[in-house]
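Those protein sequences? They're chains A and B, same order as listed.
Quick note on numbering: the first sequence equals residues 1 to 233 in our numbering.
Quick note on numbering: the second sequence equals residues 1 to 233 in our numbering.
Worth flagging that the hints you see were computed from the coordinates, not collected in a lab.
Among the hints, a few may not be true.
Because identical chains cannot be distinguished in the list, a pair is counted as satisfied if it fits within a single copy or across any two copies.
[Claimed, not checked] Within a straight-line C-alpha distance of at most 25 Å, the following computed BS3-like cross-link-like pairs (lysine-lysine) qualify:
(1) 193 with 89
(2) 230 with 193
(3) 90 with 193
(4) 230 with 89
Quick caveat, the model's predicted, so the values are computed rather than measured.
So the chains spell out like this:
Number of protein chains: 2
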Amino acid sequence: MCDTCGCGEGRRRTIEVNQDILRANREIALDNRRHLDSTGTIAINLIGSPGSGKTTLLERTIERLGRRFRIGVLEGDIETEIDAERIRKKGAVAVQLTTGGACHLESSLIHRGLHELEGRLDGRRLDILFIENVGNLVCPSFFELGEHLRVVLVSVTEGADKPLKYPKAFRTSSVFVITKADLIPYTDFDIKKATEFALSINPSLETIVTSSRTGDGIDEWVDLLIKARKRTP
Amino acid sequence: MCDTCGCGEGRRRTIEVNQDILRANREIALDNRRHLDSTGTIAINLIGSPGSGKTTLLERTIERLGRRFRIGVLEGDIETEIDAERIRKKGAVAVQLTTGGACHLESSLIHRGLHELEGRLDGRRLDILFIENVGNLVCPSFFELGEHLRVVLVSVTEGADKPLKYPKAFRTSSVFVITKADLIPYTDFDIKKATEFALSINPSLETIVTSSRTGDGIDEWVDLLIKARKRTP
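Just chain A, with the same shape it has in the complex:
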């Protein structure tokens, strides 16, 4: 995490400030969580590199679950409304959160985004809220947003070593979604290795191999979401 991880020396003042930020972030995250629980909404935070397939997985998910559940999406990006527009075309309510430079979402931005989403729902409650974080495998993992489920995505073209290189995202997630499995024949990606590396970081991580292009693994992903929803208050 940028200047907040305690790397280097002579950074005591920065670390202090950043611990304040993380503490304040956690408090608002707890508020978000209480609010989501009160409306019976499960919140899912998707973390992955730029281009790891987060928005496309959401498109497939909304196609599958959009009639059964009321789905809202908070789309985190540094700039542009591109992703929220893609999601709206699939029929879900979407609010774009542009961070204006920042490399991750924070709970205060989610709080504001929730108000905006609710304003568009005319009193109806969301069943599922997806939060698509800024494309970044590092910084978002430091910030709780109030989510019930954190999911880390890696596409097969990124390589199997990513869990070892970016352990925090894997340590703090419950689900590991491998995306773009249709490209495996054209890469040297090794599912077994990637899964082993991920489990070496977090032994309770559940792994799903998907392709949003062919539909492989989407059943499994959707089932997991439905089960997770049943477990939340």
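We have chain A already, so just place chain B on it with the hints.
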């Protein structure tokens, strides 16, 4: 950039600290640059998402230039020595810089890395220094390291919209390398669009389309490096 971009409110103290950090970083970057100039070494800072193909492009580059030039590599990662080991196998001198959590390299770490590289060279000078930044398309773009050339990489599987979504990396780079072009037939990547988007952010950006797998574009990339080296003191 994490907590340093001025996003949100009530962050005056953080912004102040971060401006101090950026100022201190720039001063050490200038020192690094002077040192590199004094040894006739051109330094190239590679920025891209996890899995965008930075290390593989370096492997191909060392295969092509390793006999003609003395090449050193500073490998930035949060954890692991995986990438430095890959580079050493190609015959270049490599030092792994692990940031221990931080999402970008800073100039002070480059300073230390340079000392370590030089310690391994027994008085010989480097012709080319590659700095492979931490896999991240956001934070590294805020930190000058003393490089002569900044290069941003995007693989075709990440999508053509990346310049619009991560503009700072494109605004501060001189070269845009599109990687994994061999996968274009299996994606909906549009080279023309990606190039147009990149030029809309930075009209002087030079774009090269490469595939480290087939070798396409590697000639052009290597020529660019040789020309850039001739231009440096």
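Numbered hints the structure breaks, given as an ascending list
2, 4
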